[in-house]
Amino acid sequence: MTVGCTGINERDALQNKIDYDKIYFLHPSNARYFPGWTEMLVKVIFNSKDGKILGAQLTGFEGVDKRCDIFAAAIRLGACASDLTELELCYAPPFGSAKELANFAGYAIENLITGKVKQFHWNEVDALPRDGSVTLIDVRNDMEAAPGSIKGFVRIPLEKLRSEIAHLDKSKPVYVHCKSGMKSYVACRILSGHGFDCYSLSGGFTIYSSVMDQ
Numbered sequence: 000m001t002v003g004c005t006g007i008n009e010r011d012a013l014q015n016k017i018d019y020d021k022i023y024f025l026h027p028s029n030a031r032y033f034p035g036w037t038e039m040l041v042k043v044i045f046n047s048k049d050g051k052i053l054g055a056q057l058t059g060f061e062g063v064d065k066r067c068d069i070f071a072a073a074i075r076l077g078a079c080a081s082d083l084t085e086l087e088l089c090y091a092p093p094f095g096s097a098k099e100l101a102n103f104a105g106y107a108i109e110n111l112i113t114g115k116v117k118q119f120h121w122n123e124v125d126a127l128p129r130d131g132s133v134t135l136i137d138v139r140n141d142m143e144a145a146p147g148s149i150k151g152f153v154r155i156p157l158e159k160l161r162s163e164i165a166h167l168d169k170s171k172p173v174y175v176h177c178k179s180g181m182k183s184y185v186a187c188r189i190l191s192g193h194g195f196d197c198y199s200l201s202g203g204f205t206i207y208s209s210v211m212d213q
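Start counting the sequence shown at 0; every next residue gets the next number (numbering that gives the first Met the number 0).
None of these hints come from the bench; they were simulated from the model.
There may be inaccurate statements among the hints.
As the list claims (entries may be wrong) - The list that follows gives simulated cross-link-like pairs (lysine-lysine, DSBU-like), each with its CA atoms no further than 30 Å apart:
hint, residue 1, residue 2
1, K48, K171
2, K169, K150
3, K16, K51
4, K150, K171
5, K16, K115
6, K42, K65
7, K16, K48
8, K48, K98
9, K98, K159
10, K150, K115
11, K16, K117
12, K16, K42
13, K159, K171
14, K65, K51
15, K51, K117
16, K150, K117
17, K48, K159
18, K98, K117
19, K115, K48
20, K48, K150
21, K115, K98
22, K150, K65
23, K115, K171
24, K169, K117
25, K42, K98
26, K115, K51
27, K65, K48
Claimed, not checked - Derived Cβ-Cβ restraints for the label pairs, each shown as a range:
hint, residue 1, residue 2, range
28, D141, E87, 37 to 47 Å
29, K169, K65, 40 to 50 Å
30, E87, M142, 15 to 25 Å
31, L88, G151, 39 to 49 Å
32, E85, K65, 13 to 23 Å
33, T37, G131, 38 to 48 Å
34, K171, A91, 43 to 53 Å
35, T37, D130, 39 to 49 Å
36, C89, E163, 22 to 32 Å
For each residue, glycine too, the CB sits at the ideal point set by N, CA and C.
Full structure from sequences and hints, please.
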């Protein structure tokens, strides 16, 4: 396994009283349809007001070094989330994805700072009330849910969410999780479109379980 980091971490941001936020996500080392890909866990620190990239931490088995280099260059050049979304990088299926890790980070950060989605983090999960005052939803399918569950979250697979919306209470905040954060983002967009106040778990069950198992 390879671990890489560049820029500042959360401790640095707190000590320097920087108004920051963070995202967690998973990304493949190369195109998923090409054999041999492995998953990378990614954390990006950014300025919560303008989306300026401040730091990144990555772990994985393949491709960590070059992704870390991309973030290092972005930080040195003062890049913001919008710059990452427009970044054009070399592409071949054995070595990367058409939409690269840095692009994905840019999209995720832009979604937050423009208000398209709201998030919560692994360290906030256990403090969520289980008294019925909020709605807790797990949108994973059967295969994705096999590794475990989070207490209090009711499973409604994403493909069934639209048919279940009528049974949900719009007066309650909705907290959603999935395997990686992708499906919960889609779920939150669906729910927001129907008038719900919803939050997506950044990094999903993968990040939550990897931290809580330590």
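A quick look at each hint next to the structure:
{"no.": "1", "hint": "K48 / K171", "verdict": "27 Å, holds"}
{"no.": "2", "hint": "K169 / K150", "verdict": "22 Å, holds"}
{"no.": "3", "hint": "K16 / K51", "verdict": "15 Å, holds"}
{"no.": "4", "hint": "K150 / K171", "verdict": "18 Å, holds"}
{"no.": "5", "hint": "K16 / K115", "verdict": "26 Å, holds"}
{"no.": "6", "hint": "K42 / K65", "verdict": "15 Å, holds"}
{"no.": "7", "hint": "K16 / K48", "verdict": "14 Å, holds"}
{"no.": "8", "hint": "K48 / K98", "verdict": "25 Å, holds"}
{"no.": "9", "hint": "K98 / K159", "verdict": "28 Å, holds"}
{"no.": "10", "hint": "K150 / K115", "verdict": "27 Å, holds"}
{"no.": "11", "hint": "K16 / K117", "verdict": "22 Å, holds"}
{"no.": "12", "hint": "K16 / K42", "verdict": "19 Å, holds"}
{"no.": "13", "hint": "K159 / K171", "verdict": "20 Å, holds"}
{"no.": "14", "hint": "K65 / K51", "verdict": "20 Å, holds"}
{"no.": "15", "hint": "K51 / K117", "verdict": "18 Å, holds"}
{"no.": "16", "hint": "K150 / K117", "verdict": "21 Å, holds"}
{"no.": "17", "hint": "K48 / K159", "verdict": "35 Å, violated"}
{"no.": "18", "hint": "K98 / K117", "verdict": "23 Å, holds"}
{"no.": "19", "hint": "K115 / K48", "verdict": "15 Å, holds"}
{"no.": "20", "hint": "K48 / K150", "verdict": "33 Å, violated"}
{"no.": "21", "hint": "K115 / K98", "verdict": "20 Å, holds"}
{"no.": "22", "hint": "K150 / K65", "verdict": "38 Å, violated"}
{"no.": "23", "hint": "K115 / K171", "verdict": "19 Å, holds"}
{"no.": "24", "hint": "K169 / K117", "verdict": "16 Å, holds"}
{"no.": "25", "hint": "K42 / K98", "verdict": "17 Å, holds"}
{"no.": "26", "hint": "K115 / K51", "verdict": "18 Å, holds"}
{"no.": "27", "hint": "K65 / K48", "verdict": "28 Å, holds"}
{"no.": "28", "hint": "D141 / E87: 37 to 47 Å", "verdict": "38 Å, holds"}
{"no.": "29", "hint": "K169 / K65: 40 to 50 Å", "verdict": "45 Å, holds"}
{"no.": "30", "hint": "E87 / M142: 15 to 25 Å", "verdict": "34 Å, violated"}
{"no.": "31", "hint": "L88 / G151: 39 to 49 Å", "verdict": "41 Å, holds"}
{"no.": "32", "hint": "E85 / K65: 13 to 23 Å", "verdict": "19 Å, holds"}
{"no.": "33", "hint": "T37 / G131: 38 to 48 Å", "verdict": "40 Å, holds"}
{"no.": "34", "hint": "K171 / A91: 43 to 53 Å", "verdict": "47 Å, holds"}
{"no.": "35", "hint": "T37 / D130: 39 to 49 Å", "verdict": "41 Å, holds"}
{"no.": "36", "hint": "C89 / E163: 22 to 32 Å", "verdict": "43 Å, violated"}
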